[in-house]
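**Student:** Chains as they are written, first to last, in our numbering: chain P, 1 to 273; chain F, 1 to 273; chain W, 1 to 268.
Just to be clear, a hint being listed does not mean it is correct.
[Claimed, not checked] Within a straight-line C-alpha distance of at most 20 Å, the following computed SDA-like cross-link-like pairs (lysine to any residue) qualify:
1) Lys165/P - Ile188/W
2) Lys6/F - Leu69/F
3) Lys165/P - Ala258/W
[As the list claims (entries may be wrong)] So the derived label-pair ranges between C-beta atoms look like this:
4) Ala258/W - Ala61/P: 38 to 44 Å
5) Arg29/P - Ala179/W: 29 to 35 Å
6) Arg29/P - His221/F: 57 to 63 Å
7) Asp40/W - Ala72/F: 52 to 58 Å
8) Gly263/P - Pro46/W: 55 to 61 Å
9) Arg179/F - Val259/W: 57 to 63 Å
Simulated from the structure, these hints should not be mistaken for lab results.
C-beta atoms are modelled at their ideal positions from N, C-alpha and C, and glycine is treated no differently.
Listed here are the chains, written in short residue letters.
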Amino acid sequence: MTTRSSADGERRVRRTWHRPPFIANRALRYGLWLAVAGYLVWALGTLPFNWERIAEGVPRAARIFGGGFPPSFDRADLLFSGFKESLQIAILATLLGVMLSIPFAVMAARNLVPRPVYVVGRAVIIVSRSFHPVIVAILFVAAVGFGPLAGILTLTLYSIGFVGKLLAEEIEEIDWGQVEAMKATGAGYFATLVYAVFPQILPRQVGLSMYQLDSNLRASAVVGIVGAGGIGSTLMNAFGRYDYDFAFAILLVIIAVILVSEGVSGWMRKRIW
Amino acid sequence: MLEITKLVKRYGSDEPVLQELDLRVAGHSVVAIVGASGAGKSTLLRCINRLVEPTSGSIKLNGTELVTLKGAALRRARRKIGMVFQGFNLIDRLTVMENVLAGRLGYVNLYQAVTRRYPQADIERAFALLERVEIAHYANKRADALSGGERQRVGVVRALMQEPEILLADEPTASLDPRTSEQIMRLLQSLASEMSLPVLINIHNVAQAKAYTERIVGLRHGKMIFDGTPAAFTREALEAVYGGIEAPDEAVTEPPAASPRKGPRGVTHDDPL
Amino acid sequence: MVGKPSVKGRVWQRRDRRERLIRYVVLLLSLTVLYWAVSDVDIFWPWVWDAPNQIGRLGARMWPPDPRDLGEILGALLETVHIATLATALTLFVALPVSYIAAQNTTPNRACLWLGRFILVASRSVNTIIWALLFVAIFGPGVLAGILAIMFRSIGFVGKLMGEAIEEIDRRPVEAMQATGANKAKVIAYAVVPQVMPAFFAIVILRWDINIRESTVLGLVGAGGIGVILQGAIDTFAWPTVATILIAIIALVLLGEAVTGVLRSRVI
Numbered sequence: 001m002t003t004r005s006s007a008d009g010e011r012r013v014r015r016t017w018h019r020p021p022f023i024a025n026r027a028l029r030y031g032l033w034l035a036v037a038g039y040l041v042w043a044l045g046t047l048p049f050n051w052e053r054i055a056e057g058v059p060r061a062a063r064i065f066g067g068g069f070p071p072s073f074d075r076a077d078l079l080f081s082g083f084k085e086s087l088q089i090a091i092l093a094t095l096l097g098v099m100l101s102i103p104f105a106v107m108a109a110r111n112l113v114p115r116p117v118y119v120v121g122r123a124v125i126i127v128s129r130s131f132h133p134v135i136v137a138i139l140f141v142a143a144v145g146f147g148p149l150a151g152i153l154t155l156t157l158y159s160i161g162f163v164g165k166l167l168a169e170e171i172e173e174i175d176w177g178q179v180e181a182m183k184a185t186g187a188g189y190f191a192t193l194v195y196a197v198f199p200q201i202l203p204r205q206v207g208l209s210m211y212q213l214d215s216n217l218r219a220s221a222v223v224g225i226v227g228a229g230g231i232g233s234t235l236m237n238a239f240g241r242y243d244y245d246f247a248f249a250i251l252l253v254i255i256a257v258i259l260v261s262e263g264v265s266g267w268m269r270k271r272i273w
Numbered sequence: 001m002l003e004i005t006k007l008v009k010r011y012g013s014d015e016p017v018l019q020e021l022d023l024r025v026a027g028h029s030v031v032a033i034v035g036a037s038g039a040g041k042s043t044l045l046r047c048i049n050r051l052v053e054p055t056s057g058s059i060k061l062n063g064t065e066l067v068t069l070k071g072a073a074l075r076r077a078r079r080k081i082g083m084v085f086q087g088f089n090l091i092d093r094l095t096v097m098e099n100v101l102a103g104r105l106g107y108v109n110l111y112q113a114v115t116r117r118y119p120q121a122d123i124e125r126a127f128a129l130l131e132r133v134e135i136a137h138y139a140n141k142r143a144d145a146l147s148g149g150e151r152q153r154v155g156v157v158r159a160l161m162q163e164p165e166i167l168l169a170d171e172p173t174a175s176l177d178p179r180t181s182e183q184i185m186r187l188l189q190s191l192a193s194e195m196s197l198p199v200l201i202n203i204h205n206v207a208q209a210k211a212y213t214e215r216i217v218g219l220r221h222g223k224m225i226f227d228g229t230p231a232a233f234t235r236e237a238l239e240a241v242y243g244g245i246e247a248p249d250e251a252v253t254e255p256p257a258a259s260p261r262k263g264p265r266g267v268t269h270d271d272p273l
Numbered sequence: 001m002v003g004k005p006s007v008k009g010r011v012w013q014r015r016d017r018r019e020r021l022i023r024y025v026v027l028l029l030s031l032t033v034l035y036w037a038v039s040d041v042d043i044f045w046p047w048v049w050d051a052p053n054q055i056g057r058l059g060a061r062m063w064p065p066d067p068r069d070l071g072e073i074l075g076a077l078l079e080t081v082h083i084a085t086l087a088t089a090l091t092l093f094v095a096l097p098v099s100y101i102a103a104q105n106t107t108p109n110r111a112c113l114w115l116g117r118f119i120l121v122a123s124r125s126v127n128t129i130i131w132a133l134l135f136v137a138i139f140g141p142g143v144l145a146g147i148l149a150i151m152f153r154s155i156g157f158v159g160k161l162m163g164e165a166i167e168e169i170d171r172r173p174v175e176a177m178q179a180t181g182a183n184k185a186k187v188i189a190y191a192v193v194p195q196v197m198p199a200f201f202a203i204v205i206l207r208w209d210i211n212i213r214e215s216t217v218l219g220l221v222g223a224g225g226i227g228v229i230l231q232g233a234i235d236t237f238a239w240p241t242v243a244t245i246l247i248a249i250i251a252l253v254l255l256g257e258a259v260t261g262v263l264r265s266r267v268i
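Given only the sequences and the hints, what does the whole structure look like? Please build it.
**Tutor:** Okay, here's the thing in structure tokens:
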């Protein structure tokens with residue numbers, strides 16, 4: 001009442017209210033919806049769905065899960081040797097990868113090397129990060145044959161890309177005063193690296209190595225699917241032979257191992273720092 | 001004997017930071033270099049051990065021309081020039097002893113440096129110097145566990161480990177509280193006479209400069225405008241050096257802010273060279 | 001001062017005895033594990049020394065890249081992008097409810113909490129490729145298996161991060177909404193959704209980027225995308241074509257990174 005009878009009698013209280021839209025421009029807002037709808041039609045229209053085969057999915061799923069339960073641990077020795085190989089691949093690849101990542105990280109750190117070296121270092125890291133490990137694995141399998149060697153090479157490259165990138169970023173952010181102090185003592189390039197750079201990146205390197213071991217163990221289960229050794233190869237074989245009960249047993253153990261490894265690696269990283 | 005003639009330093013195409021500077025330091029005198037931020041004090045010191053590349057001019061230490069040196073020859077020259085930094089520039093994660101021994105990096109080979117197998121003589125010298133500055137009991141502590149004054153003593157000992165022919169101190173007390181900075185100044189003064197060492201100290205605190213040095217050099221805009229004994233550094237001289245730029249710290253022993261100062265031309269203590 | 005007799009012959013060791021002992025034990029353990037791994041792994045060592053050669057030869061066979069199938073490759077790349085995008089979109093319908101029940105502060109009850117967590121863990125522990133293997137077995141080779149594989153893996157990722165975002169929200173607006181007498185759905189709409197919106201966009205964009213990478217390999221187990229023709233080219237030893245496909249994949253991944261970079265700066 002007071003509002004209406006106030007001095008400014010002509011002005012009335014606004015009766016309607018709309019939430020201001022997320023995108024203010026009306027054309028853009030509706031255009032976006034239209035674009036989304038158009039994209040869906042286009043994508044779903046051009047993708048080759050084989051509906052007849054998909055229709056068979058339900059009975060097939062029933063057969064697979066029927067065949068898969070209960071999971072069979074009859075061939076536990078095969079399961080065990082597959083995991084042993086995965087673990088070996090992960091350990092060796094992590095060791096090689098973490099060691100090799102240091103020179104590549106130095107090469108890819110803008111503040112430590114001349115420009116041409118930096119470009120090479122970055123290029124190696126970008127390329128090794130662009131390819132999914134499975135693609136790298138299939139190429140290594142083609143080059144050096146089936147087996148754990150291809151897996152080790154793949155995961156080494158994968159580790160170089162991941163650890164190298166993060167380490168290089170860490171190096172670019174170090175306290176430069178320590179480097180200056182070492183230069184002032186007349187220390188050479190490598191002595192400066194060892195004294196002024198490495199101690200600063202060490203905690204990060206240890207953490208990354210732990211993380212990478214965990215990550216390589218996961219990945220080693222995957223690269224095996226294209227023939228690079230480890231439990232992945234065992235799983236692939238089980239699937240190929242329609243041994244679904246064994247395949248499900250492998251899957252269950254993979255999940256368990258990954259959970260344990262994740263927990264252990266997280267705990268170690270927390271402990272060390 | 002240090003002889004600097006017509007030293008010019010120019011960053012990019014800006015006004016030169018040092019304009020044809022001449023300076024001779026003979027015998028073992030303690031010289032204070034005073035001047036406002038951006039006057040070129042830090043650049044001058046860094047030109048001497050070539051952490052900053054001089055644009056032109058000549059710097060001779062005991063007859064050796066420093067400006068033209070390259071690679072190993074430069075490193076051999078650097079190990080004869082000790083440097084103490086404002087931010088201490090210790091390697092935080094290493095122990096006090098490792099930091100001190102790092103002063104020998106110009107002398108030992110890479111294998112010795114990496115494995116910490118320093119010659120017995122170096123270790124004895126390190127202990128002797130640590131005893132001298134009263135922090136020998138901290139030898140196995142990590143450098144980042146020490147207080148500011150203790151850290152700067154480690155910095156001084158590291159510089160002295162080089163068996164230098166000259167000691168450069170770049171604002172050695174600027175990050176310390178008043179009492180500790182007096183201690184460090186007194187230490188530098190007495191070490192200079194004990195070891196017959198010329199010492200160049202960049203200092204912001206005019207009172208300390210007058211109290212602990214034998215000669216004061218005043219810089220303004222990269223030119224030397226005062227050179228004389230502390231007694232001759234009168235109010236007029238002070239006015240000439242600092243006038244119209246900022247208040248000097250005369251009489252007040254309050255240290256300037258602990259953060260590294262940035263000069264107007266971007267001359268910082270973390271210059272990327 | 002330097003001549004003080006007390007320092008003569010003093011030794012300095014970087015670490016004390018206990019630290020050194022621990023270091024030696026750790027070193028010994030690591031070496032044992034390493035020895036076990038090297039000696040036990042099923043590798044034919046002469047092949048290892050020959051590996052650089054073999055890799056070099058493979059590289060030589062790929063050069064120069066053969067651009068003749070470029071049209072087909074680009075088509076497959078587009079299919080790859082579609083798989084990633086559709087799967088990311090579908091993921092949201094499942095991941096959001098799951099993250100809601102898997103977050104401590106919004107879950108209706110304990111049973112839902114554990115159900116949500118189980119779904120997230122199961123989804124994250126099985127790799128995309130393994131999901132793809134399973135779906136190819138069920139629905140046959142093709143893009144549907146690929147979309148489902150990417151989706152099932154993404155649910156865990158998006159759900160876990162969204163759950164964490166929900167757990168980190170400011171409680172006070174929630175209380176304020178409850179104090180007005182709003183029911184649960186209204187509280188979510190007014191107090192939870194606005195707070196997790198930025199995190200939501202960031203997570204979705206991040207996952208889309210990852211999904212593009214992941215969907216490049218789906219085809220290797222028959223689940224559609226560029227991987228199918230990569231596998232085909234490898235099987236027929238058409239190495240120059242393989243090189244073209246690899247270059248195309250790098251280009252796609254870098255493009256994806258650029259797009260997500262732009263989206264991130266625009267939306268967030």
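**Student:** Hint by hint, say whether it matches the structure.
**Tutor:** The hints, checked one at a time:
| no. | hint | result |
| --- | --- | --- |
| 1 | Lys165/P - Ile188/W | violated, 39 Å |
| 2 | Lys6/F - Leu69/F | holds, 17 Å |
| 3 | Lys165/P - Ala258/W | holds, 17 Å |
| 4 | Ala258/W - Ala61/P: 38 to 44 Å | holds, 39 Å |
| 5 | Arg29/P - Ala179/W: 29 to 35 Å | holds, 33 Å |
| 6 | Arg29/P - His221/F: 57 to 63 Å | holds, 59 Å |
| 7 | Asp40/W - Ala72/F: 52 to 58 Å | violated, 47 Å |
| 8 | Gly263/P - Pro46/W: 55 to 61 Å | violated, 39 Å |
| 9 | Arg179/F - Val259/W: 57 to 63 Å | holds, 59 Å |
In terms of the numbered hints stated before, the structure departs from hints 1, 7, 8, listed from lowest to highest.
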